[in-house]
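Visitor: Given next are the chains, with one letter for each unit.
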Amino acid sequence: MIIDASTYIGHWPFRRLRHNTAEGLISLMDRNGIDKAVVSSINAVFYKNCQEGNEELAEEIEPYRDRLIPFATLNPKYVAWREDLERCVEDLGMRGLRLYPVYHKYGLLERESSELLREAARMRLPVELPVTLVDPRQHHWLDVDTGLPLNQVLEAADRYRENVFIILNAKTVSPIIERKGAAAPPRNVYVEMSRLSAVLNKSIQAVISRLGVERVVFGTGMPFHYAKPALLKMEILDIKEEEKEAIYWKNMAELLGLQGG
Amino acid sequence: MKIDVHCHVAKRANRASRGWTNADLIEAADKLGIDKLLCSTPVSRGQPTMKMVRECNDITYEAMKEYPDRILGYAFVNPGYFTEAIEEVERCINELGMIGIKLYNQYRADEPVVLPLIRKAAEMQVPVLWHAGHPPSPEEALRWGQPRISDGVHIAALARKVPDAILINGHIGGGGDWEWSIKALKNVPNVYVDTSGSVVDEGIVEMCVKYLGAERVLFGTDLSMEAGVGKILGADLTDEQRELIFWKNIDGILRRRKV
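Just so you know, the protein sequences line up as chains H and Z, in that order. So the first sequence is residues 1 to 261, counted in the numbering used here. So the second sequence is residues 1 to 259, counted in the numbering used here.
There could be a bad hint or two in this list.
[As the list claims (entries may be wrong)] Which chain H residues face chain Z? A few, computed with CB under 8 Å, are given here: (1) PRO63; (2) ARG137; (3) HIS139; (4) TRP141; (5) LEU142; (6) VAL144; (7) GLY147; (8) ASP158; (9) ARG161; (10) MET222; (11) HIS225; (12) LYS228; (13) LYS233.
No lab work stands behind these hints, which were simulated from the structure alone. Ideal Cβ positions, reconstructed from N, Cα and C, are used throughout, including at glycine.
Could you build the full structure based on these sequences and the hints that come with them?
Guide: The following block contains the structure:
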């Protein structure tokens, strides 16, 4: 069983993506042996009114509800996010949030964020935070040119202890590994492993050693990224099979409240 | 069979340790089924002196001796030293058994200063691997500390001036606008691209093949080992194309050497 914590559908304005429909994503999952995937709408990142992107997402994945697990994209600085959140969870069956502080120009420690995060905690919704969507070194002139600082995520996790944060697409994890004062990183932080490494600097093993294997989850970043690099990392990772199982699906299934995956 | 055309050894000149050894590199290569690693030891900032350049190449040579069946070396030089740079290339290739030349960002590929060295490489028919990337803006190139980084346009200009040179646009997946460089290299048959770098954008390998043909695409990692192998395995390619990219193309290039 494999659950991918990091997939998307929708239009990316700065490069032509392939397989970026629900059907296309399912075909990529089939090709790569991935059973279920957390998915959000790319369109929702760019619509002022994110909710329209969430509505599109729900509609498009309807035939694949058994495999695609929708997460809502919300902007806590945009009007009526509370109603949108309720609609996403109650009516559209969304199981978590995917937030973009850099794109939507707010900080996780600001007042609006704390209100949204309080609601997310109350509704037991995990919060996914993609550090970047594309490598900032190749950003389009209209796109953002920085990623979400991991220190901000750690600080937010310290402050909002009731929330669960899942960091997506991080290439370096040194703020987690080398947290100042040898303070343990907060227990409510999870890391998706697709951009980390199983060899040479062994950053996957470093995260496991710092956070525990129960706080690492599998992801690919499809259809922005090929799935194979992440799968290869898991294949060659020098940990026990039961630990791999935890990363492949058990940890994410638990966060999502999925029975038996 | 897999030959990594863009790799580096553990030790660096005048810089802190990478935190792993050449044995770790070989272990990683074994896990990923990489048979040979074409390595260099470049200086990534500033204008290295000949003394520094020789130290770099000696580091590479040490690794070649440590793993003679696995590690092959590129001679790194600073083209600004003209005759001395050429002499260092001759030392590395003729005496130390290196297989090509690695150039970094000391000069851009379209600057006249590089021509004597590239003509020498063409005469020897050894490949020249060029550290390359297209930053979002000149200001960003400065922020990267690489105002003279070459992109596909610069390398294409050089390739047209020296059509018998064998040039490799390094790490098309190493950051920067890869679509830019691939498009720039479309009609320049003596330039290859290597697919190394941490960028695993879906479609990057397919675009290389679409614009350049599988015959001009080379597998590499630049130490992003799983990304390097994974993007070739994950791309929509025929088995024949995958073989060309993984090893046959570079094998053909290395057979052209007149040394």
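Visitor: With reference to the structure, classify each hint as holding or not holding.
Guide: Right, here's what the structure says about each hint:
1. PRO63: With a closest approach of 23 Å, the PRO63(H) hint is violated.
2. ARG137: 3 Å, holds
3. HIS139: At 5 Å from the nearest chain Z Cβ, HIS139(H) passes the 8 Å test, so the hint holds.
4. TRP141: Cβ of TRP141(H) sits 7 Å from chain Z, so the hint holds.
5. LEU142: 11 Å, violated
6. VAL144: 11 Å, violated
7. GLY147: Violated, because the Cβ-Cβ distance from GLY147(H) to chain Z comes to roughly 13 Å (cut-off 8 Å).
8. ASP158: With a closest approach of 28 Å, the ASP158(H) hint is violated.
9. ARG161: This hint is violated: ARG161(H) lies away from chain Z, its Cβ roughly 33 Å from the closest one there, beyond 8 Å.
10. MET222: Interface hint status for MET222(H): holds (7 Å vs cutoff 8 Å).
11. HIS225: 5 Å, holds
12. LYS228: Given a least distance of 3 Å, the restraint on LYS228(H) holds.
13. LYS233: Holds. Min distance 5 Å.
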